[in-house]
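Student: Order-wise, the sequence lines are chains A and B.
Position 55 of the first sequence, counting from 1, maps to 54 under numbering that gives the first Met the number 0, and the rest follow consecutively.
Position 10 of the second sequence, counting from 1, maps to 9 under numbering that gives the first Met the number 0, and the rest follow consecutively.
Do not take every clue at face value.
Claimed, not checked - The list that follows gives simulated cross-link-like pairs (lysine-lysine, DSS-like), each with its CA atoms no further than 25 Å apart:
(1) B/Lys408 / B/Lys255
(2) B/Lys56 / B/Lys94
(3) B/Lys56 / A/Lys82
(4) A/Lys72 / A/Lys82
(5) A/Lys24 / B/Lys469
(6) B/Lys408 / A/Lys24
(7) B/Lys255 / A/Lys24
(8) B/Lys469 / B/Lys272
(9) B/Lys94 / A/Lys11
(10) B/Lys331 / A/Lys11
To be verified - Rough simulated footprint, nothing fancy, chain B against chain A, three-plus residues with beta-carbon under 8 Å:
(11) 6-16
(12) 30-36
(13) 43-49
(14) 59-73
(15) 77-90
Stated by the list, open to error - Some chain B residues near chain A, calculated using beta-carbon distances under 8 Å:
(16) Tyr87
(17) Tyr99
(18) Glu285
(19) Ile289
(20) Arg327
(21) Arg351
(22) Ile353
Everything labelled a hint here was simulated from the structure, so no lab data went into it.
The beta carbon of each residue, even a glycine, is placed where N, CA and C say it ideally should be.
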Amino acid sequence: MPKDFDIQAIAKLALIELNSEEESKLSEDLGIILEHVDALSTLSIDDSDMTIHPLGIELELREDTVQDGLDHKESMRNAPDEKDGFFQVPPSMD
Amino acid sequence: MVDISNLTLKEAHEGLKNKSFTALELIEESFKVAANSESVLHAHLLLMQDEAVADAKETDKRISKGKMLGELDGIPISIKDNMNLKGYGTTCSSKILANYVSPYDATVISKLKEKGTVFIGKTNLDEFAMGSSTENSAYGPSKNPWDPDCVPGGSSGGSAAAVSVGTALGSLGSDTGGSIRQPASFCGVVGFKPTYGTVSRYGLIAFASSLDQIGPFAKTAEDTKIIYEAISGYDTRDSTSIKLNQRELPEGQSAKVGVLKELMGEGIADDVKSEVEKVIKLLEKEGHEITEVSLPMTKMAISIYYLIAPAECSANLARFDGVRYGLRVDGKTSYEMTEKTRAEGFGDEVKRRILLGTYALSAGYYDAYYGQALKARNQVINEFKNVFKKVDYLISPTTPSTAFKFGEKTSNPLEMYMSDLCTIPANLAGIPAISIPTGLDKQGMPYSVQLMSPELTDISLLNFSSYVEKLVDFQDTPTKWRKDP
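Turn these sequences into a full structure, and let the hints guide you.
Tutor: Following this line, the structure appears as structure tokens:
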């Protein structure tokens with residue numbers, strides 16, 4: 000486990016509230032996993048390419064033309080809270 | 000009466016075509032098996048009997064008019080509940096999507112609908128396809144039809160169990176690190192992970208986008224080929240979808256087979272190794288050239304995977320924020336709302352992987368963890384390319400052991416991760432891989448072998464698998480679920 004590993008800071012970045020029991024269990028689990036994956040640091044592969052698509056294929060975007068999509072009503076169907084056709088959320092600041 | 004538990008998809012098609020039985024009779028048998036088994040096995044999160052009966056009647060009308068749509072018309076298929084089927088829930092076995100209703104069809108669903116397939120239900124999985132036993136489902140685990148004290152494997156455990164018990168003649172799963180092949184192995188059915196990009200991921204709830212691939216389960220390799228041919232093809236709605244054509248490999252006795260040394264050693268149970276050796280001897284007897292090959296980087300596969308997959312999962316699952324769909328837990332601010340929603344909506348394993356991925360992508364660690372894993376992945380791909388210059392197919396165990404008991408691997412996450420030791424390399428390399436059942440162990444649990452081949456040789460791999468199946472000649476299915484309810 001890296002010395003500066005801070006489970007609270009990571010949880011804040013991941014936007015997941017953790018209770019103290021979870022903090023302790025997850026720190027332990029992540030410590031075990033990070034220790035295992037640390038094996039990769041022993042590899043001398045600095046000049047290797049980074050693989051994104053395993054077949055090495057350039058990702059292709061479709062033509063930028065209007066196509067049929069979900070209509071507004073369908074798009075809002077799963078909204079937890081809605082007002083005047085918009086998704087409604089609490090204020091960003093207290 | 001039709002005995003669906005012993006019927007292959009191909010045989011069911013012949014039976015429908017020859018009018019030995021109707022599509023309605025077939026579907027009724029399917030739901031009879033469900034009635035006998037679901038209360039114990041819990042393979043499905045949703046069964047769609049009324050809709051399936053209506054669809055079967057449509058098939059029967061087409062057959063009576065001589066307008067059958069093909070080999071999948073009237074065939075009962077189940078779908079892993081991480082694929083969108085319009086008008087129905089897609090829970091991903093997570094509380095966060097408990098009430099979500101799919102507003103559109105996944106491409107694979109649209110393609111199967113065009114073929115007249117009858118959808119019988121949506122199957123259980125580890126939450127967001129993260130796990131190897133279905134013990135991470137928020138709705139309770141599925142059980143193994145061969146022994147309900149054992150896990151069915153995961154994450155597509157419900158799909159494997161549904162085919163094994165005979166509720167479905169085929170099923171769709173998704174495979175990110177072995178989530179089709181490992182449960183197929185544990186449940187004694189065939190599970191196929193196609194070449195990355197050959198089956199559209201549009202409408203599959205993303206877990207790790209550079210690894211996820213949809214694929215079929217069925218009783219035989221021939222049946223999985225029928226489903227694969229129906230669902231594959233280029234799709235403009237998936238930017239990783241590919242247009243490249245299939246290449247052919249030798250499919251019979253001239254095929255050269257490599258035995259993957261690193262997957263026949265440490266970490267693999269002796270009886271599992273012996274079973275693979277049994278199949279190798281059968282191939283040798285047929286005159287195949289068998290070579291031991293080495294891919295040293297496969298030893299790093301778990302480490303590479305558990306950086307890349309969590310990193311991609313942390314980005315993909317950021318969309319579950321309580322704003323547009325799914326669960327919302329109130330908070331004073333929108334940030335607090337999201338933090339509380341994700342705290343309540345996600346289970347332990349999903350939180351673990353999101354946090355691991357967030358850490359691996361965070362400032363100061365990106366190059367050391369994620370960057371290094373991407374470079375190591377490239378090394379894995381190069382090793383596979385070199386090996387496939389010498390051999391046509393690779394053989395290995397699918398899993399380090401046969402199906403394990405519930406709770407056996409839940410205390411240490413790494414122990415569970417190790418059950419994907421043999422399957423992860425194919426995901427990293429993007430190559431096709433299949434698990435085929437070969438026999439039963441002393442406890443009566445299924446053995447299997449995994450076969451792999453170079454990218455875009457899916458059809459040859461499926462044909463070669465049919466050939467291996469015939470040599471092995473294992474056709475047992477679990478029998479105790481067949482009595483009338």
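Student: If a hint holds in the structure, say so; if it doesn't, say that too.
Tutor: Hint-by-hint comparison with the structure:
1. B/Lys408 / B/Lys255: Violated, at about 37 Å.
2. B/Lys56 / B/Lys94: Not OK: B/Lys56 and B/Lys94 at ~35 Å, beyond 25 Å, violated.
3. B/Lys56 / A/Lys82: The given pair, whose Cα atoms are some 43 Å apart, is violated under the 25 Å limit.
4. A/Lys72 / A/Lys82: holds (13 Å)
5. A/Lys24 / B/Lys469: violated (49 Å)
6. B/Lys408 / A/Lys24: holds (16 Å)
7. B/Lys255 / A/Lys24: violated (48 Å)
8. B/Lys469 / B/Lys272: Judged against 25 Å, a Cα distance of about 20 Å means the pair holds.
9. B/Lys94 / A/Lys11: holds (21 Å)
10. B/Lys331 / A/Lys11: holds (16 Å)
11. 6-16: Per the Cβ count (8), the hint holds.
12. 30-36: holds (count 5)
13. 43-49: Holds: 5 residues of the segment 43-49 of chain A have a Cβ under 8 Å from chain B.
14. 59-73: holds (count 5)
15. 77-90: holds (count 8)
16. Tyr87: violated (13 Å)
17. Tyr99: holds (5 Å)
18. Glu285: Status violated, d = 32 Å.
19. Ile289: Nearest chain A Cβ about 27 Å off; hint violated.
20. Arg327: Constraint on B/Arg327 satisfied, holds at 4 Å.
21. Arg351: holds (6 Å)
22. Ile353: Given a least distance of 5 Å, the restraint on B/Ile353 holds.
In summary, the structure is inconsistent with hints 1, 2, 3, 5, 7, 16, 18 and 19 from the numbered list given earlier, while agreeing with the others.
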